[in-house]
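Peer 1: Chain residues, written in single-letter form:
Number of protein chains: 6
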Amino acid sequence: MIYLTKRLTFSSSHVLMNPDYDSDKNWDVYGKCSWPHGHGHNYTLEVTVKGEIPEETGMIIDLKVLKKIVNDTIVDKMDHKFLNTDVEFLKGVIPTAENIVVKIWEELETVLEPGMLCELKLWETENNWVVYRGE
Amino acid sequence: MIYLTKRLTFSSSHVLMNPDYDSDKNWDVYGKCSWPHGHGHNYTLEVTVKGEIPEETGMIIDLKVLKKIVNDTIVDKMDHKFLNTDVEFLKGVIPTAENIVVKIWEELETVLEPGMLCELKLWETENNWVVYRGE
Amino acid sequence: MIYLTKRLTFSSSHVLMNPDYDSDKNWDVYGKCSWPHGHGHNYTLEVTVKGEIPEETGMIIDLKVLKKIVNDTIVDKMDHKFLNTDVEFLKGVIPTAENIVVKIWEELETVLEPGMLCELKLWETENNWVVYRGE
Amino acid sequence: MIYLTKRLTFSSSHVLMNPDYDSDKNWDVYGKCSWPHGHGHNYTLEVTVKGEIPEETGMIIDLKVLKKIVNDTIVDKMDHKFLNTDVEFLKGVIPTAENIVVKIWEELETVLEPGMLCELKLWETENNWVVYRGE
Amino acid sequence: MIYLTKRLTFSSSHVLMNPDYDSDKNWDVYGKCSWPHGHGHNYTLEVTVKGEIPEETGMIIDLKVLKKIVNDTIVDKMDHKFLNTDVEFLKGVIPTAENIVVKIWEELETVLEPGMLCELKLWETENNWVVYRGE
Amino acid sequence: MIYLTKRLTFSSSHVLMNPDYDSDKNWDVYGKCSWPHGHGHNYTLEVTVKGEIPEETGMIIDLKVLKKIVNDTIVDKMDHKFLNTDVEFLKGVIPTAENIVVKIWEELETVLEPGMLCELKLWETENNWVVYRGE
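Chains as they are written, first to last, in the working numbering: chain S, 35 to 169; chain X, 35 to 169; chain F, 35 to 169; chain H, 35 to 169; chain A, 35 to 169; chain E, 35 to 169.
The following block holds chain S by itself, in its conformation from the complex:
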C-alpha cells in the first residue's frame, strides 16, 4: 500500500461568526477572526490517496489526473473567493478550518475512486493546520 500526496494552494477570505451569537459573544469565541469585514489566508491543501502499485504503470494514480480532479472540484471553486458566501459546498457551515476540511472530503469522495481518498491536510497558516481522515 502506497500513500501519494499532491499539494495545492489557494487564496481565500472568510469571517468566523455564528449568526446565532451577538457580536460580543462572537468576539469572545472567535476573537479577531470575527471582524465582520473578513480577513484571508493562503490555504495549502494536501490530498493523500492510497493504492496498490499496478505493475504495468508503477503509478497508483496519474498525478495530472489527480491535480485536475482537485482543481475542478475544490481549488477553482475556493480560490480568490469569500468562503462565507461564495462556495456552494460550504453553505450553512461556519468556515473554520475544521469545517472546511470535512466539506472538501465530502466533495472529493464523490469524484475519486471509492476507498482511494485517505487523508486531507489543510494549512491556514504556517503555524496552524488540520487533518481529516474521514473518520
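Hints listed in this document are in silico derivations from the structure and should not be mistaken for laboratory results.
Please read all numbers here as calculations on a predicted model, not as lab measurements.
Glycine included, C-beta positions come from ideal geometry on N, C-alpha and C.
One or more of the hints may lead you astray.
From the structure, some residues in chain A lie toward chain E, with a derived Cβ separation under 7 Å [to be verified]: (1) N133; (2) E158; (3) N161; (4) V164.
Got chain S; can you put chains X, F, H, A and E on it based on the hints?
Peer 2: For chains X, F, H, A and E alone, coordinates are given in the frame of chain S:
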C-alpha cells in the same frame, strides 16, 4: 555597515478594483483579484534596517524594540483586516502589493531613526513578492 | 474526528552526556553533542490535538487557548534556557530529543482535556525530528 | 514508542516509460515524464525508525549511524545517477516514486535492526511525495 | 521604484562535461556532476522586474502576463528536458547554473519591456543558487 | 558578473552579556538572551562569492571547493560549540549575530581569492538574520 532583518506575518483580505473602471474593465486588469467579495493572503513582511555596530552592545538595534515598532505601526493595524476599508494608512490607494509596501515604508520611516530603514520585502504568496527601498 | 496542530518554536542549549560515563565513553556515544560547554538549537514543537467538531462553534479548541497553554506549560520554560539544568520537568533525564518529547507530553497531558493530546513532533534541526504519541 | 526521522537529499534523473508500450502509449500514460532524454529531481528522503528509549543513552539510535547506513545503502548509489540504468536495486522497475520508495524500503530493511524501519517518505518535488510503511 | 518577483519551478536533467576534456579531466573539474548518464534537479527560477507604480492600476506588471511570458519563453522549453541537448537557447554552452542563468536572461530580455528585467535567481538545490543582474 | 551562494548550517550556543555591565543592565539590554547558562540556535550561513564565468568550465568556483573552505574555516570551528569561549576568531567580542557575521567575513576573506567574497547572510532563527558585505 550591517543589514538586519525581522520577519513578521499577518493575514488580511482585499479586493483589487479601480473605482473608475466598470466591472468588465476591472476583470480585464485584475482578473480573479477583482472578485467583489474579496479574497485574502498570509502576508509576510521582512523589515531590513541598517547601521554600524556599536562596540558596547554589538547590536545595531534591539530586535524586541524593532518587533514592537513594526507590530504597533503595521501588523496590529493590518492583521485580520480588510485592506480596502479598514486601514487608515491605506486609504485612497488600490491595495496591490506594490502600493501596500510603499505605504508601509511611509509609516515605518516616521517611527524609526532617520536613515535606518533600508528595505521592505512583502510576500503575498510563496510565489510572488515585492521589494521597496524608498527610491 | 479532526486533528488540529499548532506549531511553536523556541531556542535552547544542551549537552548530551551520561554522568555515569567518562568523557571517552560520552564521546563514543554522543560525539560532538557531548562537548561540555554545550551547543544549541532552534527547536520546533508541533502539538496535535484531536476532537469531534462542535456544531455550534466549528472549532475543536480555540487556537489562542491552545497556544497559551503550550506557551505557559512548555515554551516559556524552555525558551532561551540550558536544558540540562534550567527546566524543572527535564530534571534527571539526558536531554535528547527522544527524552524531551516524552517529558513535554507528560506536562501537556496534565493541562489539556483528557484524551485530547494526540501527537507531539519535536524538530531539533531541519533534518532530524522525533514523534511521540503517548504509546 | 518513539519515532525518529532523518531527512536526506539527492539529485537524480529518470525517464518514465514502459518498454512494452509504444511512444504514443507512453505519452498517454506518462506525459512529459516519458521524454526519452530524461529529466530530474532533487529528491528528499525521510527515513523514520521506531524504538523504545533506552534509559542509559536516551537515544533510540545514534543519528550518525543511521545517516551513514542510509548514505551507504541508498544515497551514495542514487545521487547524481540516472535511475533507469545506474542503480542495481532499481533494475527491472519503472522508476516512479511509488516503485523507488518500495525498493528503498527493501534495501534498508536488510541493513537496519529487524522491526526498526517504520516509514519512508520520498519527495519528488515540493508538491508531490509518496509514503510507504512496508504494508 | 518597485521590484517585483515571480517564482517558478521546473525539473530538468543535465551533465557537466567539457567535450575538450577527457573523462579524467572532467572528473577532476566536475566530479559526480560529470557522470555521463546525467542527473537532475528541481530548478527554481525567481524573475525580478522593476518599475514605477502607475497610479491607475497600482501594478508595475500584470503577474499573469509575467508568468505567461516566463512560461512560454523559458519554463515550457526547459521543464522535463535534458539541458545538454534539448533546449535551443542553451546550445553550445556547458549547462552549469552560471551559464543557464545568463542564457535565460538573454531570452527574457528580448520579450520583456526594455529595462524592466532586473535580476534572475536560479536555485539548483536548497543549498546552491546563482544570481545574475545582466552586468 | 555572477553571484553564487552556498548555504551551510551549524548548531551552537551563546550568551549575550557585556562583562562591563551588571546583571540588571545586561537584562535591560539583552533580555532573555543574557541568561547566564546560555541558549542556542541552528544557524544558517549563506556565503556569496562573485566572478566572471570562465568559458572553459562555466563555473566561477568549484562548489565542492567553496564548501570545503567554509567548512574548514568556519563551520567545523563553530558547530556544536559555545560561541562565547570556544571559537578562537570570536574571542573578545559579544557573540551577537552582527559581530559573528563580521568575524566570519574576516576569516573567509583571508582564504578566498581576493575580491571574490561578496556577501554573508547569517540566520539566527527563521525570523531574524543579518547581512554583511564588507563595507
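Peer 1: Does each hint fit the structure? Answer for all of them.
Peer 2: Do the hints match the structure? See the list:
{"no.": "1", "hint": "N133", "verdict": "5 Å, holds"}
{"no.": "2", "hint": "E158", "verdict": "9 Å, violated"}
{"no.": "3", "hint": "N161", "verdict": "4 Å, holds"}
{"no.": "4", "hint": "V164", "verdict": "5 Å, holds"}
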